[in-house]
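J.: In order, the protein sequences belong to chains G and X.
Everything in the first sequence is counted per the numbering used here, starting at 1 for the first residue and increasing by one.
Everything in the second sequence is counted per the numbering used here, starting at 221 for the first residue and increasing by one.
Incorrect hints may appear among the rest.
If you want a taste of the chain X side facing chain G, the calculated C-beta under 10 Å gives, among others [unchecked claim]:
| no. | residue |
| --- | --- |
| 1 | Asp510 |
| 2 | Tyr511 |
| 3 | Ala513 |
| 4 | Lys516 |
| 5 | Ser517 |
| 6 | Leu518 |
| 7 | Ala520 |
| 8 | Gly599 |
| 9 | Leu603 |
| 10 | Arg604 |
| 11 | Val605 |
Honestly, the hints are just simulated from the structure, not real lab data.
For each residue, glycine too, the CB sits at the ideal point set by N, CA and C.
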Amino acid sequence: MITARALRKRVPVAGGELEILKGIDLEIKSGETVAIIGASGSGKSTLLGLLAGLDLASDGSIEIGDVALGRLDEDGRALLRAREIGFVFQSFQLLPALTALENVMLPLELRGDGEAAERAGRYLERVGLGERAGHYPRQLSGGEQQRVAIARAFAAEPRILFADEPTGNLDTATGERIVELLFALNREEGTTLVLVTHDEGLAARCERRLRMTAGELEEA
Amino acid sequence: MTPSVIPGGSALRLLARDWRGGELGVLLAALVIAVAVVTGISAFTARLQGALAQESHRFLAADLVVEASQPLPAAWLERAAERGLDAARVLTFTSMVSAGDEAMALGAVKAVSGAYPLRGELTASSEPFGAATGRAGGPEPGTLWLDSRLFALLGIEPGASVEVGEARFTVTAAVRTEPDRGASFLGLGPRVLLHVDDIPATGVVQPGSRVRYRQLFAGDPAAVAAFRDWLDGELAPGQRLLSVEEGQPGVASALDRAERFLLLAGSLGVLLAAVAIALAARRFCARHADYVAIMKSLGATSGYVGRLYGGSFALLGLAATAAGCLAGLLLQGLAFDLLSARLPFDPGPAGWRPWFVGGITALVCLGCFAWPPLWRLAGASPLRVLRRDLPLDSGRGLLDYGLGLAAVSGLMAWYSRDLALTGAVLAGLALTVAAGGGAAALLLRGGRLAGMRAGSIWRLALASLQRRGAGNALQVVMFAIAIMLLLLLTLVRSSLIDSWRAQLPPEAPDHFILNIAPEEVAAVEQRLRADGIAAEGLYPMIRGRVMAVNGEPLPTDGDGDGPRQREANFTWSATPPPGNELLAGSWWDVDSDAAVVSLEEEFAERLGAGTGDRLELRIGARALTVTVTSLRAVDWESMRPNFFMIFPPRLLADYPATFMTSFHLGSDKAFLNRLLREFPTVSVIEMDMVLSQLRSIVGQVSAAIELVLAIILLAGALVLVAGVQASVDSRLQESALLRSLGARRGLVLGGLAIEFAALGLFAGILATLGAELSAWVLQTRVLDMAYRPTPWLWPLGLAGSALLIAALGVWGCRRVVNTPPLAVLREETG
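This is chain X alone, in the form it adopts within the complex:
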């Protein structure tokens, strides 16, 4: 017996038959690709974010760091161990290092426990400035590693013995890089690395000593997060958790932008997918209206039709979700395979969220984009069996669009977890749609008038454009949305990657020289010139401390970023240094000796000071009161000497200053030895390794962004295909008619090409406008970047869009000329 056609498990059979009849292909493909894109990007970004976070943890040497100026409770280490976390201890302080009676130098001592570093790599070389190799841990008890330049300063070789406080150590290596050394060199002396167990023997850490204590933790992300929550509640004043931003502001901002871009891309993926599904569902329902009318004429009720199609859509959703998740999994797996050569780190696990996002996306897309036309389908009049030209529903209205908009906004906000980002994209979109609908209608009408005087292909094409006026306006808007999002993404990606590259040009300064005595300035400049090294210019540097703001003394040890006494490097300058932008107030006259200061904006914010406020400073033993006359934005990511506080040159002329500069050295490390032999008291800071780390991250992130862009392009292409498909049915009819009237294939295809190219051109105009506008909002408001107009976008957007849509249109409608006209006309009547 043949199983039941309709009731019971009929939805499945309906699906199977529709599939057989070729009705479901587009909708299913749209759903599968939607879920695949969303899941794939979600999993990809989750894994990449995990990997990048892991990478960024290198700059903390741990996943979590707590710091204080008092010893930290040992119980925390035990709690961490109970939770299965690795832990390490670090102490930093300044102390004299001596080799014999004569040779002494001030060193930045760092005492580390055996497990240090928990993340990242500690490198050392057996000779000063020698080849650096990774080490599994720090020095053994009884030994220490010295900064390369200390060897010259102390006049010793590896294997010599040195004293720190009351303890004697054997120097076994030159310490080259520490993962958590960071880019800041406030008060940074040459490094002395030793084991934390040796600290008691040195006797240098006494109550009241200026020591920073750190505990480092690392382990399973969930356990770290749980421990962090617990630790948050335990922190006493003066104890604080460190984040990546403090370790490496340059890396943090690069990662932050990259993450925002990936989320933007993902959100656009959601949006494109939704549009594709809406188009496909509308087409499905338009094609099914006649079948529903037949079923109803045979006695099927609306509820029955609704249940039947609802059931089959639910089944479709399940199948699409499963297939989409699988495809997404393969997609991101493939992405990582392709990238593996460029990604030196292990992509982390994706977690459950991508699959959840995929499932919810399928549900929301079906519910908010596929359901409205389906619901109208259930209400189709049975009278269509007699009068096929009946409109499906007159009430296709605001409600649908409102539902769609709400769904898209909700999905994007949920997916990106960023309201500003969602708002920027939706605003651009709304403008495109609003301007688009009206403009498209006008342009199409204008085209018809022009076409009246043109040849037959043109007349045919333009008449066809105008006749489907409302449908075409909608199609133009759909095309425009897809193209706009693709252009936007390309724009933002280009400027993002360009801005990274601009920040880190190959000739960026990679070394700093500090502590240049005033009398050495000329000689150091001479040495640099003699070796053909271009330096950034020499800046004076004076150590000072901000004691009070407007007469209010600042606390000596405040919490986190709040106002507290801060030590800073002061400099003087007659003019604002390059890379500094004046945000408020005004700069002083070149020869001013007024008691004024210019503050870096974030430093001013942390102090709680603005223009007009009075700051009481202490420089050495002397006090100085100055008025803030300007605030500056400083490009910290440039490797130039930058300063929180800048004074007029004549004001600080009497204070003891040293000088600093930065320069690009490249691989000529021998120069450093020559320099230090000639000027043993200057300090050299090597930034080249940090820079190459930063470059490698930027390279990885750029590659990831390119890949995500490629995936989104796929989703955009799907929207275009679905958009073309939406009009294939009616075009099929017309062309069959034209061909039966004797029109050649060339005429029909030519007409189609012109028609779609015109649609593409209109869409391109709208899309380019919308993309430019959204890029402006995104770059200036969301990504904190400078906006530059992109004239090249216009020819690309317009010509590209016209060509692409024409090609897709002709390809999508190729059936129009390849199917015998009789078959089409009979399909219509049969």
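Next comes chain G alone, as it looks inside the complex:
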């Protein structure tokens, strides 16, 4: 499903370059749940960004299905994301000017779904926010906002879901409920889940755990 080979990422810093990822090889199978754990600054989010095609690697290759990300331009990667990939972010990333329903509709409409509203409505029901469809993000609590983000991620029925510290901005109890929801939906939809966290408890719920240390990845 996802294959990364000899993946490197360097960024220019004052007086030279900093290598954030130091030659990563990775293979994730379809339907697998994978946690990438590691300390802050170890490079986990950078790896996630590369795997999702949000950024380009300095060296190495990534394939999603049969598609080599390196051969796609920015717009090609955007279309791939619209088709195959969903996201859940630490900071929710809802558009503040759109209602909960409109936020969930957004990826559906981007891929031209004619029944975006109905489908979005159903997914909001599934995350327990059917009654709040017309509310704006600022009218929702942090946990509710993350549920909208999860509904948005699954509504487009992606084959891969990337989650970046999905409970990072939430209290423990709310975080646990969000994790339940995330895994429940993942089971029902059969999605490949790649999750970045430094929460060992959350990582333990995944089938595979990979540890990132100073730009190098190993099975935990």
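On the provided structure of chain G, position chain X as indicated by the hints.
T.: Here is chain X on its own, set in the frame of chain G:
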């Protein structure tokens, strides 16, 4: 079913949502105000210019005048009638007027057709020097009106009968003012006004008579313009079109300066609007970068984002143009309503140009100022969803500024239709920006060092100033531009209005006495003194003619302003008269009798003569050859006796001269009757009515300028608000953080006030410098005025700028302390 969120008619929905989210308010306001300011000023100046042109046409008594020394084709009058224009005929010549056998006087006869005057007002009184009233037309056939002083000269009363040539007329009134009489009184005798149909009966106009023929035309401006174009092609040598400048040089120069000022103001309006839009668009895009990143992470392509935002900006532009045009219309309507009491003339129609200017301005502003950040927005990296601190674009560079500069220059040049004006403003601007960027960075760094040793409010403020270094330098430059333009406008306006007032002081001479015989000089001076009237001094006056330059005879009747034989009033003077400035050459010794002359510069130019050239003159029957030894600039707008040609006193001592003077009389018109009874051969020219006309125009134009200035101040304020707004977002964050750390409101607000006051102070320094420099260029190069340094500008510019920016800054950021810190911090993360 909920309609589509994005594609299709999505731009409109995006706009609606952004509006709901409060994102578009500033940008839309900036655009609307920009279009409103430009349209409003454009319409206002167009209507005012129309009205002023109309007003100035009064001095021609028509919209268009053609003049010749031979009869003009009657077919032209017919062509004018076919085009729906009004037309009139005027003949002027000099002739004797007699009342009985004894009383005779030389009169300046003006014969007019029934429609005269086509513009302006002809006034007459039933008694000499009596109360003047407006008349619908000139005298009926068989009657005539005489200059007040002719009644005394001929010893007659109204109702008497007089002869001109072979025809007899009944005198029915004293003619007081004619709209096209003008300020020039070259060879001007007392007026005799009669009907043009009576001319054949007088038998005085024969082939070879010195007669000036005029045809006057007036009507719809477009029809007049078309007729003028047609007439231009028909003119034979010796026939020429008259312009306002020849009717009234004083009015023409006042109007010209006023028009240039209004265009300058309008151009600055365009510039300020553009800056406001650029600031607002940048802020809009900075705030939207995160949304674009989210959309892209969800699969939106750059093209899609570009189309979406481009579409919504286009819609925004349409709405803003419509709203701006409407606001501009209301604005200038309101302006004219406010002014109507002071404007005695009807403001003309604005025409289509203001709306066109408004539309194009919106288009150019959106395209050149809003589009670059928008274009970068479309290229925002989706990685921002993971790393929010990613810069929006590293390549914000020369291209943007180049595009902005080109757009501003183009708009200003197009709007003002004056390259010199555009150049002067842009040069001042460029200097402010260049000097500003560097100086601001230096000053801000210096401030930080000083702040290290200061209290916590100061340390906070100065640290904040320095940390946003580049952003603050830009902000300082923006503030400086706005303040500079406002100061500049205030400066130029003040000196413009002051110079007008100085030209027309209440005690300006309003009457001239001509034809004072040498033996009467002492007695006339005595009479003036006895009545407590201060005269300008008596000048000798000799009529003469320039026949040849350097041995080359001049043509007797040339075209327009080209070299030709010219009649002029000569005078002599031991020293340069007051109000005369020596431009070239040198003045003669007090007791010189050399055959030399000093020429007025424009007269010299028309003759084609300069210093060192020889002029052959004819004075009466005698010839005289002189060498030009100096050129002078003469202040024609002063009401003093002025002369084209001045000679050393001893050179002209043998020639027969009369004397002239000017004085301020006020309302004591009875003095004129006493004077004329005592000295029946002198000529009195009343300029008081012309002067009051001029004063009224200057008053109107000054009022208009004040109003335009007020509108531009509004645009300047908008730039300042947009500039403050641009940094509100990041300040909101910081202050939320500070307050969550326990900072009191007073500390946060105090820090903000100091920070903005410092920005204002730096901006004030740059702005004052730039304004002073631009004012110098504008006044000396564009407006033809004398430059005076303005020390008062410095305290005003610096303190005013610091206070204004601090107040605006604290007001603009009041949300910073009024929003709960948690709401801000959550908005950031949510």
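J.: Can you give the numbers of the hints that this structure goes against, from lowest to highest?
T.: Every hint satisfied by this model.
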